[in-house]
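A.B. asks: This is what each chain is made of:
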Amino acid sequence: MRYIPNSPEERAEMLAVVGLSSASELFRSIPQDVQLDRGLNITDPLAESEVIAAMDAMAAKNTGATKTSFLGGGVYSHYSPTIVDHLIQRSEFFTSYTPYQPEISQGTLQYIFEFQTLICQLTGMEVANASMYDGSTAMAEAYLMARRVTRRDKIVVAKSVHAEYRAVAATYAQHGDTEIVEIGYDDSGRVTGLEAIDDKTAALVVQSPNFFGCIEDLKSLADKAHAAGALFVVVVTEAISLGLLKPPGACGADIVVGEGQSFGIPMSFGGPHVGLFATQEKYVRQMPGRLCGVAYDKNGNRGFVLTLSTREQHIRREKATSNICTNQGLIALAATIYMEALGKKGLQEVAVQNAQKAAYAAKAISAVDGYSLPFSAPVFNEFVVRGPRPAAETLETLRTENRILGGLALSRYYGGHENDFLVTVTELNSKQQIDDLVSAL
Amino acid sequence: MANIPENLRYTKDHEWLAVTDGTATLGITDYAQGSLGDVVYIDMPRVGDKFGAHEAFGSVESVKAVSEIFTPVAGEIVELNDGLNDSPEKVNSDPYGDGWMIKIKMENALAADALLSADEYEEYLSTIG
Numbered sequence: 001m002r003y004i005p006n007s008p009e010e011r012a013e014m015l016a017v018v019g020l021s022s023a024s025e026l027f028r029s030i031p032q033d034v035q036l037d038r039g040l041n042i043t044d045p046l047a048e049s050e051v052i053a054a055m056d057a058m059a060a061k062n063t064g065a066t067k068t069s070f071l072g073g074g075v076y077s078h079y080s081p082t083i084v085d086h087l088i089q090r091s092e093f094f095t096s097y098t099p100y101q102p103e104i105s106q107g108t109l110q111y112i113f114e115f116q117t118l119i120c121q122l123t124g125m126e127v128a129n130a131s132m133y134d135g136s137t138a139m140a141e142a143y144l145m146a147r148r149v150t151r152r153d154k155i156v157v158a159k160s161v162h163a164e165y166r167a168v169a170a171t172y173a174q175h176g177d178t179e180i181v182e183i184g185y186d187d188s189g190r191v192t193g194l195e196a197i198d199d200k201t202a203a204l205v206v207q208s209p210n211f212f213g214c215i216e217d218l219k220s221l222a223d224k225a226h227a228a229g230a231l232f233v234v235v236v237t238e239a240i241s242l243g244l245l246k247p248p249g250a251c252g253a254d255i256v257v258g259e260g261q262s263f264g265i266p267m268s269f270g271g272p273h274v275g276l277f278a279t280q281e282k283y284v285r286q287m288p289g290r291l292c293g294v295a296y297d298k299n300g301n302r303g304f305v306l307t308l309s310t311r312e313q314h315i316r317r318e319k320a321t322s323n324i325c326t327n328q329g330l331i332a333l334a335a336t337i338y339m340e341a342l343g344k345k346g347l348q349e350v351a352v353q354n355a356q357k358a359a360y361a362a363k364a365i366s367a368v369d370g371y372s373l374p375f376s377a378p379v380f381n382e383f384v385v386r387g388p389r390p391a392a393e394t395l396e397t398l399r400t401e402n403r404i405l406g407g408l409a410l411s412r413y414y415g416g417h418e419n420d421f422l423v424t425v426t427e428l429n430s431k432q433q434i435d436d437l438v439s440a441l
Numbered sequence: 001m002a003n004i005p006e007n008l009r010y011t012k013d014h015e016w017l018a019v020t021d022g023t024a025t026l027g028i029t030d031y032a033q034g035s036l037g038d039v040v041y042i043d044m045p046r047v048g049d050k051f052g053a054h055e056a057f058g059s060v061e062s063v064k065a066v067s068e069i070f071t072p073v074a075g076e077i078v079e080l081n082d083g084l085n086d087s088p089e090k091v092n093s094d095p096y097g098d099g100w101m102i103k104i105k106m107e108n109a110l111a112a113d114a115l116l117s118a119d120e121y122e123e124y125l126s127t128i129g
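In the order they appear, the protein sequences are chains A and B.
The working numbering applies: residue 1 is where the first sequence begins, and numbers increase by one.
The working numbering applies: residue 1 is where the second sequence begins, and numbers increase by one.
Derived by calculation from the structure, the hints in this document are not laboratory data.
Among the clues, some could well be false.
[Unchecked claim] Below are the SDA-like pairs computed for lysine to any residue, each with C-alpha atoms no more than 20 Å apart in a straight line:
no. : chain 1 : residue 1 : chain 2 : residue 2
1   : B       : K64       : A       : I83
2   : A       : K200      : B       : N85
3   : A       : K319      : B       : M44
4   : B       : K90       : B       : A2
5   : A       : K200      : B       : A2
6   : A       : K246      : A       : R151
7   : A       : K344      : A       : Q121
8   : A       : K282      : B       : K50
9   : A       : K61       : A       : F269
10  : B       : K50       : A       : V149
11  : B       : K50       : A       : K224
12  : A       : K319      : B       : K90
13  : A       : K282      : B       : H54
14  : A       : K224      : A       : D153
15  : B       : K50       : B       : A74
16  : A       : K344      : A       : A57
17  : A       : K431      : A       : V350
18  : A       : K319      : B       : A2
19  : B       : K64       : A       : A167
20  : A       : K319      : B       : K103
21  : B       : K64       : A       : L441
22  : A       : K298      : A       : R316
23  : A       : K282      : B       : S59
24  : B       : K103      : B       : K64
25  : B       : K64       : A       : R316
26  : B       : K50       : B       : L80
27  : A       : K319      : B       : V66
28  : A       : K282      : B       : K103
29  : B       : K64       : A       : K224
30  : A       : K61       : A       : K357
31  : A       : K357      : A       : F269
32  : B       : K64       : A       : S24
33  : A       : K319      : B       : E55
34  : A       : K319      : B       : K64
35  : A       : K345      : A       : I83
36  : B       : K64       : A       : L308
37  : B       : K103      : B       : A53
38  : B       : K50       : A       : P102
39  : A       : K431      : A       : L441
40  : A       : K61       : A       : V350
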């Protein structure tokens with residue numbers, strides 16, 4: 001919206017044109033008794049410097065932002081190069097909505113195509129869509145897609161998948177006759193209870209690294225799912241792990257879904273983030289969301305198009321593969337710029353730093369008297385710590401006395417883990433911060 | 001003018017049937033393929049799926065629309081035209097031949113007799129212009 005100032009003389013001139021003597025006469029059709037005859041009860045105008053001071057004061061109340069943080073569990077604190085914010089704020093990108101005449105927006109389609117290409121490379125899958133709302137909704141779509149592909153109704157999902165993802169997916173699926181069976185985890189922190197997979201199972205759904213930070217044995221899980229004719233769905237909440245771990249696609253995943261927030265997107269109290277969705281080409285017709293493809297015009301020039309759009313709502317209507325036929329455009333762009341700015345080596349280096357710092361922290365914490373690591377499976381940048389007293393108390397002490405956000409109490413999502421908390425270490429945590437955490441325990 | 005072979009049975013949804021020994025071969029008519037335009041995908045049922053009369057068993061996707069395909073007769077799918085997976089355009093080029101879609105074993109072997117003859121279908125087409 002534009003602000004168009006006008007002077008008293010200009011106002012008088014405009015009123016004269018329409019034959020009125022004052023602006024209030026413009027509102028004479030509104031009954032007198034409902035007209036507000038005083039100013040609004042809000043503060044007087046502030047100078048810019050005063051506004052900034054007021055906002056600073058409000059921001060200062062967000063004390064978590066200034067504390068050393070080892071919080072993760074689905075949303076991660078990573079460094080975002082300034083080029084990400086700078087480029088997405090270009091007006092060509094910042095104000096663009098999903099194009100309804102898509103081929104006219106070649107720039108938008110090109111970055112979507114690049115986003116899809118990068119997600120395919122990272123996940124080891126053949127096709128990726130233009131993005132979903134976030135990781136949890138992407139997982140819910142994977143439930144529905146697995147049902148379409150297999151024509152079976154049962155979803156077997158590991159309890160070590162983020163509890164909020166499971167809640168969102170259950171909400172999505174609640175009216176569609178989906179049977180959801182949750183299976184547990186063993187002492188190593190890995191999924192167990194695979195006997196729940198049967199000939200009615202549409203998909204086995206696991207997260208890796210899982211909510212406890214443990215890396216699942218994807219290959220053997222894929223074999224178990226496939227032996228029963230079910231699809232194997234891998235959920236990735238910490239996308240940086242793809243820079244180091246074997247791609248899920250190389251381990252037999254049929255669908256890989258996840259959260260792309262780690263790719264340069266601020267934590268922002270939990271959103272907006274960006275959902276990742278990738279699968280094998282043979283299932284592309286059943287994949288939800290939009291898909292950008294490359295094409296050539298009659299002169300052989302390369303261009304980008306939205307492809308397979310007939311499966312979307314505007315043609316298939318109630319038979320569309322999903323009620324989502326848009327994508328998380330701006331955030332997907334930010335993730336694309338992040339991935340391209342870092343490059344293959346850069347992403348690998350970030351991932352290695354995460355893993356090494358987390359390994360250092362895990363070793364140091366488990367050496368503290370009374371503290372141990374309850375799960376034995378290999379981890380990436382998160383791990384569960386078992387303390388000598390309830391985790392909520394331990395974390396409260398760290399927060400108030402040491403200005404450290406020490407992690408996430410597992411009791412928030414899991415019973416029987418009162419003394420356990422999830423510690424996340426990223427490239428932004430310095431050795432000094434880790435040492436401070438260890439000495440504070 | 002759409003091609004309407006004499007020896008087939010037709011529906012007002014523009015499917016054709018050829019019946020042999022209680023099994024119907026089914027596809028869409030020349031008129032249907034012409035109206036849809038270039039067919040790019042056919043969403044097929046699976047062998048063994050059972051359908052009641054007038055149920056949709058799949059859909060045809062063209063560059064501009066998606067239409068359901070109905071079976072006018074109840075029965076079980078016994079064969080699919082797998083060739084359409086790679087060459088859906090056969091529905092356009094040869095709707096009554098290589099473009100056939102499914103073979104359905106009819107619950108009632110005489111069910112197709114109640115469908116339109118070639119003459120009746122041609123007359124129907126003239127009424128819908």
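A.B. asks: Hints first: check each against the structure and report whether it holds.
C.D. replies: Now the hints, each set against the structure:
1. B:K64 to A:I83: violated (41 Å)
2. A:K200 to B:N85: Answer violated: K200 (chain A) to N85 (chain B) is near 26 Å, above 20 Å.
3. A:K319 to B:M44: holds (14 Å)
4. B:K90 to B:A2: It holds: about 16 Å lies between the C-alpha atoms, which stays within 20 Å.
5. A:K200 to B:A2: violated (45 Å)
6. A:K246 to A:R151: violated (30 Å)
7. A:K344 to A:Q121: holds (10 Å)
8. A:K282 to B:K50: violated (25 Å)
9. A:K61 to A:F269: holds (14 Å)
10. B:K50 to A:V149: holds (18 Å)
11. B:K50 to A:K224: The hint is violated at about 30 Å.
12. A:K319 to B:K90: Between K319 (chain A) and K90 (chain B) the Cα gap is close to 24 Å, so the pair fails against 20 Å, i.e. violated.
13. A:K282 to B:H54: Not satisfied, since the Cα-Cα distance of roughly 30 Å exceeds 20 Å.
14. A:K224 to A:D153: holds (18 Å)
15. B:K50 to B:A74: holds (8 Å)
16. A:K344 to A:A57: With a Cα-Cα distance of about 40 Å, the restraint between K344 (chain A) and A57 (chain A) is violated, given a limit of 20 Å.
17. A:K431 to A:V350: holds (15 Å)
18. A:K319 to B:A2: Violated, because 29 Å separates the two Cα atoms, which is more than 20 Å.
19. B:K64 to A:A167: violated (38 Å)
20. A:K319 to B:K103: Not satisfied, since the Cα-Cα distance of roughly 24 Å exceeds 20 Å.
21. B:K64 to A:L441: violated (65 Å)
22. A:K298 to A:R316: violated (29 Å)
23. A:K282 to B:S59: With a Cα-Cα distance of about 18 Å, the restraint between K282 (chain A) and S59 (chain B) holds, given a limit of 20 Å.
24. B:K103 to B:K64: violated (27 Å)
25. B:K64 to A:R316: holds (10 Å)
26. B:K50 to B:L80: holds (13 Å)
27. A:K319 to B:V66: holds (9 Å)
28. A:K282 to B:K103: It is violated: about 24 Å lies between the C-alpha atoms, which goes past 20 Å.
29. B:K64 to A:K224: violated (41 Å)
30. A:K61 to A:K357: Violated - the C-alpha atoms of K357 (chain A) and K61 (chain A) are around 30 Å apart, more than 20 Å.
31. A:K357 to A:F269: violated (25 Å)
32. B:K64 to A:S24: violated (54 Å)
33. A:K319 to B:E55: holds (15 Å)
34. A:K319 to B:K64: holds (15 Å)
35. A:K345 to A:I83: holds (18 Å)
36. B:K64 to A:L308: holds (11 Å)
37. B:K103 to B:A53: With a Cα-Cα distance of about 14 Å, the restraint between K103 (chain B) and A53 (chain B) holds, given a limit of 20 Å.
38. B:K50 to A:P102: violated (40 Å)
39. A:K431 to A:L441: holds (16 Å)
40. A:K61 to A:V350: Since the Cα atoms of K61 (chain A) and V350 (chain A) sit roughly 31 Å apart, the hinted pair is violated (cutoff 20 Å).
Violated hints, in rising order: 1, 2, 5, 6, 8, 11, 12, 13, 16, 18, 19, 20, 21, 22, 24, 28, 29, 30, 31, 32, 38 and 40; the structure is consistent with all others.
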